[in-house]
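Chemist: In the order they appear, the protein sequences are chains W and Y.
Read in order, the letters of the first sequence are residues 1 to 252 in the numbering used here.
Read in order, the letters of the second sequence are residues 1001 to 1413 in the numbering used here.
One thing to keep in mind: the hints can contain errors.
[What the hints assert, rightly or not] Lysine to any residue pairs mimicking SDA-like chemistry, simulated, CA-CA at most 20 Å apart: (1) Y:Lys1214 - W:Ala80; (2) Y:Lys1268 - Y:Asn1215; (3) Y:Lys1373 - W:Asp54; (4) W:Lys17 - W:Pro37; (5) Y:Lys1320 - Y:Gly1254; (6) W:Lys17 - W:Asn6; (7) Y:Lys1268 - Y:Gly1298; (8) Y:Lys1373 - W:Lys17; (9) Y:Lys1373 - W:Arg112; (10) Y:Lys1410 - W:Thr99; (11) Y:Lys1373 - W:Glu131; (12) W:Lys153 - Y:Asn1215; (13) W:Lys16 - W:Pro37; (14) W:Lys102 - W:Asp65; (15) Y:Lys1373 - W:Thr99; (16) Y:Lys1320 - Y:Val1287; (17) Y:Lys1373 - W:Glu91; (18) W:Lys153 - Y:Leu1362; (19) W:Lys102 - Y:Glu1377; (20) Y:Lys1373 - W:Asn6; (21) W:Lys52 - Y:Glu1402; (22) Y:Lys1268 - Y:Ala1329; (23) Y:Lys1373 - W:Pro37; (24) Y:Lys1373 - Y:Ala1353; (25) Y:Lys1410 - W:Arg110; (26) W:Lys102 - Y:Gly1386; (27) Y:Lys1373 - W:Lys16; (28) W:Lys102 - Y:Leu1362; (29) W:Lys102 - Y:Lys1320; (30) W:Lys52 - Y:Pro1372; (31) W:Lys102 - Y:Phe1080; (32) W:Lys102 - Y:Pro1068; (33) Y:Lys1373 - W:Pro89; (34) Y:Lys1373 - W:Ala80.
Keep in mind the hints are simulated off the structure, nothing from the lab.
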Amino acid sequence: MLEIRNLHVAIEDGSKKILNGLDLTIHNGEVAAIMGPNGSGKSTLSYVIAGKPDYEILDGEILLDGENLLEMEADARAAAGVFLAFQYPLEIAGVATMTFLKAAMNAQSRARGEGELKTPDFMRRVKLGAEKLGIPQEMLRRGLNVGFSGGEKKRMEILQMALLEPSIGILDETDSGLDIDALKIVSEGVNALRSADRSFLVITHYQRLLNYIVPDTVHVMSKGRIVKTGGKELALELEANGYADYVSDVAA
Amino acid sequence: MATVTPLKTSAELSLNAQAEGNKAVRQNSFARYAAKGLPHRRIEAYHYTDIRALMKDAPAPAKAVGVPPKDFVFSDIDAFVLTIIDGQVASDTAVGLAGLSINISHEAPDDGLAPHTVFPSDGDPIIALNAAFVDQTLRLAIDGTVDKPVLLRFITTSAVSAYSRVVVEVVDGSSFTLIESHECASGGVTNSVVEIAAGHDVLLVHIRVNLADKNATVLTSLGGRMGARSALTSGNFVIGGALSRHQVFLRFEGEGSTATISGASMLKDRQQADTTLVVDHSVPECVSREHFAHVLDGEATGVFQGKIIVRPHAQKTDGKMMSRAVLLADGATMNNKPELEIFADDVQCGHGATVGALDDDLLFYLRARGLPKPEAEALMLQAFVGEALEMIAHEGMRERLESLSEVWLKARG
Chain W
1 MLEIRNLHVA
11 IEDGSKKILN
21 GLDLTIHNGE
31 VAAIMGPNGS
41 GKSTLSYVIA
51 GKPDYEILDG
61 EILLDGENLL
71 EMEADARAAA
81 GVFLAFQYPL
91 EIAGVATMTF
101 LKAAMNAQSR
111 ARGEGELKTP
121 DFMRRVKLGA
131 EKLGIPQEML
141 RRGLNVGFSG
151 GEKKRMEILQ
161 MALLEPSIGI
171 LDETDSGLDI
181 DALKIVSEGV
191 NALRSADRSF
201 LVITHYQRLL
211 NYIVPDTVHV
221 MSKGRIVKTG
231 GKELALELEA
241 NGYADYVSDV
251 AA
Chain Y
1001 MATVTPLKTS
1011 AELSLNAQAE
1021 GNKAVRQNSF
1031 ARYAAKGLPH
1041 RRIEAYHYTD
1051 IRALMKDAPA
1061 PAKAVGVPPK
1071 DFVFSDIDAF
1081 VLTIIDGQVA
1091 SDTAVGLAGL
1101 SINISHEAPD
1111 DGLAPHTVFP
1121 SDGDPIIALN
1131 AAFVDQTLRL
1141 AIDGTVDKPV
1151 LLRFITTSAV
1161 SAYSRVVVEV
1171 VDGSSFTLIE
1181 SHECASGGVT
1191 NSVVEIAAGH
1201 DVLLVHIRVN
1211 LADKNATVLT
1221 SLGGRMGARS
1231 ALTSGNFVIG
1241 GALSRHQVFL
1251 RFEGEGSTAT
1261 ISGASMLKDR
1271 QQADTTLVVD
1281 HSVPECVSRE
1291 HFAHVLDGEA
1301 TGVFQGKIIV
1311 RPHAQKTDGK
1321 MMSRAVLLAD
1331 GATMNNKPEL
1341 EIFADDVQCG
1351 HGATVGALDD
1361 DLLFYLRARG
1371 LPKPEAEALM
1381 LQAFVGEALE
1391 MIAHEGMRER
1401 LESLSEVWLK
1411 ARG
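One chain only, chain W, in its complex shape (with noise of 0.2 Å):
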């Protein structure tokens, strides 16, 4: 369960604060979606929770199981269960794809007191895991995310947490630059993921996603706080009368 109590967070800086008093919590097994105009702090949020270092924490804490991640390094929080698919993720020219699947799996068996992976294992899972989201094994031994479509890049962000099995998944839109097709292999990725005891943040801008990876609960986030809570009708509410509601409110 992932527990987010009054949660204050300004850029580093402390020039702008973009959190304000944020509450929310994940049970297990659910999935939460988080809609929210621009600039309302959704992928601040996602990035506080992995534990980006250009965030200062004012006020607040996030619970894991019941284990503060605010006072974890992100690679802690990584191996206690939290996996962040970035919206836009990095290349690293110079790795292989192989290589760098194989370091963060090891990395995180190591961190969590658990032997590392056989070889013959571990090609077996990424092997499996590729051909469910349809990356050809071409892609696995070129440099991560180097010369990959935006689609690619995404699928390749999945196949990551597929392998690395999170307690939570938290997707910062993970549907931007995704045309239709891609759109429904990476929520069949995610829905196959989906267990009684991982939850999912899913961020995004627009219903379409929600269409394909169904949400338990949907927050309506303004002004860095959660401003409306409901089910998955909520979403198609916002989809038919925009935020302006929501916004407005806040500015008043």
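The hints should help you fit chain Y onto chain W, whose structure is shown.
Modeler: Below, chain Y without anything else, positioned relative to chain W:
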């Protein structure tokens, strides 16, 4: 008015004493050096590597050949090894390979005044010193395809100065790989000069590795002349030495040739390493590529000076030079001096130089996947160095150098 006598450093006084009345020393070449003494920061080519200030001593050449270290990091490379210990060829030169003949001569080597020299005609002090003190010239003649690389294992066994000279003549249509490995003990000074004269249609691979002790001085120079339709790849790797200077003087003398010169230097503590390149396009339609990477930790200093010269008739020259450096500590320094001297009007030339820290966003991406900071940094640096190493045109050596760079990164912790 009183005559002003410039103050000599102790290294300069040692060199003078070593040359004084010594018949084995070529006094003409020594005079070329002595006219200016050890180069310092007011000499433009040495502005960033002040040898006079940095070179604490110039130990005398060895009286007898010392005992080389047993372990050799490249012992598993399938190559014909010629060992040069303290300036003396220690291998049996009669055991040759098809296409390769070897002999040793004692005539005066090029100090920048020989006909067709590629060395600076105003006298490079390092090369002049080499010409003054070197005892033997190892001559390799290449005719045809030599199946194995020739691995020159230069060893300076103790706190002595070791001068070596190798001249390689490659006739038309030949194919040859030359590896230079430099080991130098604490307090030692290695001064080596390798000259390669390649004919037409030659395929040449050159690799130079500096594995010297962290208290050693390594001064190595490569002079290359290339005929028409020939290709050279030169890969350089530096992890050793307190003070190192790696020079490359290359001249295209025939049309339609290409040269790729790359290098990676990984330095820490107070190491300083300099790479100085002069690529002279004296004929049309040649291509040169230079890519150098520096990883600098602690209080290390990296220097890259690269000059591409395009002579008036050298139309259709294509030259691109890149130097990239990553600074891992506040005390680390990089000096980049890229230069283009273009006298022709129909050419494509460019250079770039970057100096920076590791990319924070990329570091976060890797850490968000569970890689602890040191491991994430090592992976990024491995990739950074790998870009330069992947240009090394010998698979076995490339793999050995990649693992040496991994060891270096692991030692960082």
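Chemist: All the hints need checking, so say for each whether the structure fits it.
Modeler: Evaluated hints:
1. Note on Lys1214 (chain Y) and Ala80 (chain W): the hinted pairing is violated, with a Cα-Cα distance of about 42 Å set against a maximum of 20 Å.
2. With a C-alpha separation of about 12 Å, the suggested pair Lys1268 (chain Y) and Asn1215 (chain Y) falls inside the 20 Å cut-off, and the hint holds.
3. Between the alpha carbons of Lys1373 (chain Y) and Asp54 (chain W) the distance comes to roughly 16 Å, so the proposed pair stays at or under 20 Å and holds.
4. Between the alpha carbons of Lys17 (chain W) and Pro37 (chain W) the distance comes to roughly 17 Å, so the proposed pair stays at or under 20 Å and holds.
5. For the hint linking Lys1320 (chain Y) to Gly1254 (chain Y), the alpha-carbon distance of about 19 Å falls within 20 Å, and the restraint holds.
6. Restraint check: the Cα-Cα separation between Lys17 (chain W) and Asn6 (chain W) comes to about 14 Å, which is no more than 20 Å; the hinted pair holds.
7. Proximity of Lys1268 (chain Y) to Gly1298 (chain Y) is assessed by CA-CA distance (about 5 Å); at most 20 Å being required, the pair is judged to hold.
8. Straight-line distance between C-alpha atoms of Lys1373 (chain Y) and Lys17 (chain W) comes to about 28 Å, which puts the hinted pair past the 20 Å bound.
9. Taken as a hint, the Lys1373 (chain Y) and Arg112 (chain W) pair is honoured in the structure, with Cα atoms around 16 Å apart against an allowance of 20 Å.
10. With a CA separation close to 17 Å, the supplied pair Lys1410 (chain Y) and Thr99 (chain W) stays within the 20 Å bound.
11. Simply put, Lys1373 (chain Y) and Glu131 (chain W) have alpha-carbon atoms about 31 Å apart, too far for the 20 Å limit, and the pair is violated.
12. With a CA separation close to 47 Å, the supplied pair Lys153 (chain W) and Asn1215 (chain Y) exceeds the 20 Å bound.
13. Restraint check: the Cα-Cα separation between Lys16 (chain W) and Pro37 (chain W) comes to about 18 Å, which is no more than 20 Å; the hinted pair holds.
14. At most 20 Å may separate the alpha-carbon atoms for a hinted pair to count; Lys102 (chain W) and Asp65 (chain W) exceed this at roughly 26 Å.
15. A threshold of 20 Å between alpha carbons decides the hint, and for Lys1373 (chain Y) with Thr99 (chain W) the separation of about 17 Å falls inside it, so the pair holds.
16. Restraint check for Lys1320 (chain Y) and Val1287 (chain Y): the C-alpha separation of about 8 Å stays at or below 20 Å, so the hint holds.
17. Taking the CA atoms of Lys1373 (chain Y) and Glu91 (chain W), the gap is about 18 Å. The hint holds against a cut of 20 Å.
18. A hinted pair counts as satisfied when its Cα atoms are at most 20 Å apart, and Lys153 (chain W) with Leu1362 (chain Y) qualifies at roughly 15 Å.
19. Of the supplied pair hints, the one linking Lys102 (chain W) and Glu1377 (chain Y) holds, its CA atoms being roughly 16 Å apart against a limit of 20 Å.
20. For a cut-off of 20 Å, the pair hint linking Lys1373 (chain Y) to Asn6 (chain W) is broken: about 29 Å separates their Cα positions.
21. In summary, the hint linking Lys52 (chain W) to Glu1402 (chain Y) is not supported, as the alpha carbons are separated by about 31 Å, beyond the 20 Å threshold.
22. For the given pair, Lys1268 (chain Y) sits about 9 Å from Ala1329 (chain Y) by alpha-carbon distance, which is consistent with the 20 Å threshold.
23. At most 20 Å may separate the alpha-carbon atoms for a hinted pair to count; Lys1373 (chain Y) and Pro37 (chain W) exceed this at roughly 34 Å.
24. Proposed proximity of Lys1373 (chain Y) and Ala1353 (chain Y) is contradicted: the alpha carbons are some 27 Å apart, above 20 Å.
25. Taking the CA atoms of Lys1410 (chain Y) and Arg110 (chain W), the gap is near 17 Å; set against the 20 Å cutoff, the hint holds.
26. For the hint linking Lys102 (chain W) to Gly1386 (chain Y), the alpha-carbon distance of about 18 Å falls within 20 Å, and the restraint holds.
27. The suggested pairing of Lys1373 (chain Y) with Lys16 (chain W) is violated, with an alpha-carbon distance near 28 Å, which exceeds 20 Å.
28. For the suggested pair Lys102 (chain W) and Leu1362 (chain Y), the alpha carbons sit about 17 Å apart, so the restraint of at most 20 Å is met.
29. Restraint check: the Cα-Cα separation between Lys102 (chain W) and Lys1320 (chain Y) comes to about 36 Å, which exceeds 20 Å; the hinted pair is violated.
30. Among the hinted pairs, Lys52 (chain W) with Pro1372 (chain Y) is consistent with the structure: their alpha-carbon atoms are about 13 Å apart, no more than 20 Å.
31. Annotation: proposed proximity of Lys102 (chain W) to Phe1080 (chain Y) is violated, straight-line Cα distance about 38 Å (limit 20 Å).
32. With a C-alpha separation of about 40 Å, the suggested pair Lys102 (chain W) and Pro1068 (chain Y) falls outside the 20 Å cut-off, and the hint is violated.
33. Among the hinted pairs, Lys1373 (chain Y) with Pro89 (chain W) is consistent with the structure: their alpha-carbon atoms are about 19 Å apart, no more than 20 Å.
34. Taken as a hint, the Lys1373 (chain Y) and Ala80 (chain W) pair is honoured in the structure, with Cα atoms around 16 Å apart against an allowance of 20 Å.
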